[in-house]
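Chemist: Chains as they are written, first to last, in this note's numbering: chain A, 1 to 281; chain B, 1001 to 1292.
Read the hints as simulated data drawn from the structure, not as lab findings.
Since this is a predicted model, take the numbers as computed values, not measurements.
Do not take every clue at face value.
[What the hints assert, rightly or not] Which residues of chain A face chain B? A few of them, derived with a C-beta cut under 10 angstroms, are:
#1 V25
#2 I53
#3 W54
#4 A57
#5 F70
#6 F96
#7 A111
#8 G216
#9 L243
[Stated by the list, open to error] Cβ-Cβ distance ranges computed for the label pairs, FRET-style:
#10 B:L1213 - A:V42: 16 to 24 angstroms
#11 A:A179 - B:F1036: 47 to 55 angstroms
#12 B:F1034 - A:N128: 24 to 32 angstroms
#13 B:A1146 - A:E52: 25 to 33 angstroms
#14 A:W21 - B:V1079: 46 to 54 angstroms
#15 B:S1284 - A:W21: 51 to 59 angstroms
#16 B:V1079 - A:M200: 56 to 64 angstroms
#17 B:A1146 - A:A39: 46 to 54 angstroms
Cβ atoms here follow ideal geometry from the backbone N, Cα and C, with glycine treated the same way.
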Amino acid sequence: MTSSPPSSSPGFWHQILHAPWTWRVTWFYLTLFLFLPMAALVLKALTLNPAEIWRIATDPVAISTYNVTFFTALVASIINGFAGLIIAWVLVRYEFPGKRFLDAIIDLPFALPTAVAGLTLSTIYSSNGLIGSFLDPFGIKVSFTRLGVLVAMIFIALPFSVRTVQPVLQDMESEMEEAAWSMGASQWQTFLRVILPPLMPAILTGVAMGFSRAVGEYGSVVIIAGNIPFQDLIAPVLIIQRLEQFDYAGATVIGTVLLLISLSALLVINLIQARGRRFYG
Amino acid sequence: MADSSFKQPIAATAPKPRGATSGFQWGKWLLVAFVFGFLGLILLVPALNVFVQAFKGGLPGLLDTFTSKFFLHAVKLTVITAAITVPLNTVFGLCAALSLANKNFPGRSLLISIIDLPFSISPVVAGLMLVLLFGNRGWFGPLLDANGIKIIFALPGIVMASIFITMPFIAREVLPALEEAGTQQEEAAATLGATQWQTFWRVTLPSIKWSLLYGLILTNARTMGEFGAVTVVSGNIVGKTQTLPLFIEEAHTQYNSQGAYTAALLLACLAVVTLVLKYLLERSAGIKSKGH
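Same shape as in the complex, but just chain B (with noise of 0.2 angstroms):
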């Protein structure tokens, strides 16, 4: 592979562009061909699928599932889920990220790890540690018992493992945006007199949006599609703890690929809106995508 990628390199004497020697470049086009031929078969080709499999049934089909009693359960269920998530790890990230920002403390790396400590832990163990906590066998079982509170198998475990799991996302994208603008601003606001809440929505607020709504997407979007970990809390009760990436789950092992890739069409579409944020953002506010 290296070695066609050399046949025609950059010129040994004068710095010519790249890729602007003369020929044909066959190691160039055999990378180039493989890179598709690759990316087709796991990435395009499946993505593709689902939009063609969605429409198989016509219309019919698709509006079948669409008006389907338990699929807009799962439909609401996951927008419910998000609208918790999302805020409450936002508030979350935005504290993570002022607290590290422009500071210097010993052990301030290793709270960056603590923090990023949710992406390395696979999500049905993340249940799995819900599970027995708040489980009626868990630590909390009995005294959750006696109140009469749920949280397994119920909407609280199904927003703590979503919290769980996209925790890291805000606190990530918007540290860095934060060390960047400096403090310079925000200590040039307070010395004028401005409180610490008119510098942070006047100065720090406008110095991260980008990065912010960039986590904010990420967070939304894994949120949505979560599905080890609330697989593991929710019990799977049909029309009252199913999401959507649940309701696929179960409509597919029922052969029922109609209702499941229709589920998947929403999340797909979620996906590429996703996608097209994140590029716009990328393009608009140069922030890096890095491997998360």
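Looking at chain A on its own, in the form it has when it is part of the complex (with noise of 0.2 angstroms):
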């Protein structure tokens, strides 16, 4: 592990030998602060038997919380995909004033620390702040309710959305889109046939970024949603919970659950990625 991978370049080697003290401290820093780590959550999980695990993972508390995490993460970067490529379409094919404003802030849900984003939306969006109460005549609450949890992860996943589909648009050449329209191609056609295509891979790698962002997501949820189990207790949530109970069993296969679906996420990135190069590159 500390070693260096191997190679059959010369020229590698050469380097190698030139600066093996980046690789020395690269692979120390890794195993220290990441492997180490991952593999106490994974030696954990694994000490527990089957049955105590699966017990644990499919109590009725969990399998609720897996439903409001993964399905509102998917609902959020979904409404985020959507959101995000006409952002980007605007962002990169029209001029209006306070554009480059608009560009800037995108990125606020990076910089903004998510203590912050939950604190401040849950006040405009509780049934007497200035958002909230004009949904409140409506029968419709957001604070303390799955909305909530809603509204964050589509504050804490949006940048995603847009940043990946932006460079794209604007690398795209407009030829194609000319000449769909002088052969007499609808406007609807020539978006679904010429534009969106060569988007997709885009589309769907922020998609899948901010889903697994949105599902991994603590700050802002824990402070704009209620925490009640069966109705919007999250996952990492619950984590907190069993670890405040010292129930370590309970917090190990329920992180594991997350770990695992993280990872499944990353890959299906890649994947998305690979087949993106592969067609459009």
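With the hints as a guide, dock the two chains, each given alone in a separate frame, to form the complex.
Modeler: Take a look at the structure:
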């Protein structure tokens, strides 16, 4: 683990001899701060017997948290997929006052700590808040409900959907569109057949990245949600509740489920990107 | 949506500049209005609300929190955590990027994926891993206990959690810059008799300084704002292991709105500074923002 990976190119060995310590620092750091903690989780999970793992993983409260977490994250990332496409389109294709400002604040969710996001969203979307008070007469409650979880997840995952599509749209040649146009394709046909296909890998990557981020999100959701089991309790909050009860086995199993889902999402992202490169690279 | 976006499309015959067609472009302005509305509801109004709420109690309200002992301790702990985490991750990020750049070996893309891994792991799970490793019932718990070392519910745990969460930022910003700079100049410097350190300081570093700075800014912002991982490992002991994000949550649950928003104001200012620096770096150095 601490040695360099094998290579056949002589230039590589030359480089290794010249700067071996950067390798050593990299692997030492990864081992200490990444592999060791991950191994701790996996080893802990392996010490439990399968029946116990299954019982904890399929406990009704646990199932309801997966339900809330994954379903809400999926809805949030799909909404962001559509909104992100429109935002990227507007930012790339149109000129309008305030464009640069809008472009800059897209990254706000990356820069604003999640605790701050949760705090301000829960105030604004509460039934007497700035936006929540408009929704309240219609019987729509956002803060302390699943809808609140959705709003928080949309907030934190939005930049992924914009920033993955934007550069692809920017590099897109307009000749194909113009050709489709001049050959009499309708606006809709041009969009569906000419513009959308090459954007698809980027859109899906953004959705998958946003999903992955939303599934793991804790800070903003814990503040805006009521954290009530079977209603709006998410899996990361359940892990913390289990830890507070010193139920390490429970926390480990749910943590492992979350980890496996995150790794699957990562795999999907890589597959989409590999596919995208093959077809449109 | 797509339909309306083509109301005034690029002319089919002559390649006119986009948006230069005559008449009022309904499609365009509808979409622009949608974007303003959506971003307003999700980003802008919530962000402005932080400033409005923080100044609701006027200057006395702000000063009240600013002079509170626990608030000041939370600020101090947040700054100390960043002061340890950012340099350590800078060394790692530079080493990792230098080991990967302009090289080709089997498993290279796997290593890049491994370095990116912390972005895909829930912060709460990252914290859980550290508790299982160093907590008093964890793998190294008895050993640490016997030697009187405290990692969980103490500063080392908070730092390790922050290191885990922000590990990839610098490597992934610096790596593309190194690739773009190539190796010719470094090789030239080496041929002319420069030592490794001289080459690094005089040749490599100047070519990656903007990307490095960008990575530093992102690492710092994420470290100071990290909540999920720190919650798990810190124990949230007021005046001891409470960072600013934890202070916000506690003040909020105790209906201390002024306290919560004062702390939020500080972190929101950090976010604004981060965004402005990011914007300036993107403009001056041509760094493109990616999905993180």
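Chemist: Run the structure past the numbered hints and jot down the numbers of the failing ones, going up.
Modeler: Hints 2, 3, 4, 5, 10, 11, 14, 15, 16 and 17 contradicted; others consistent.
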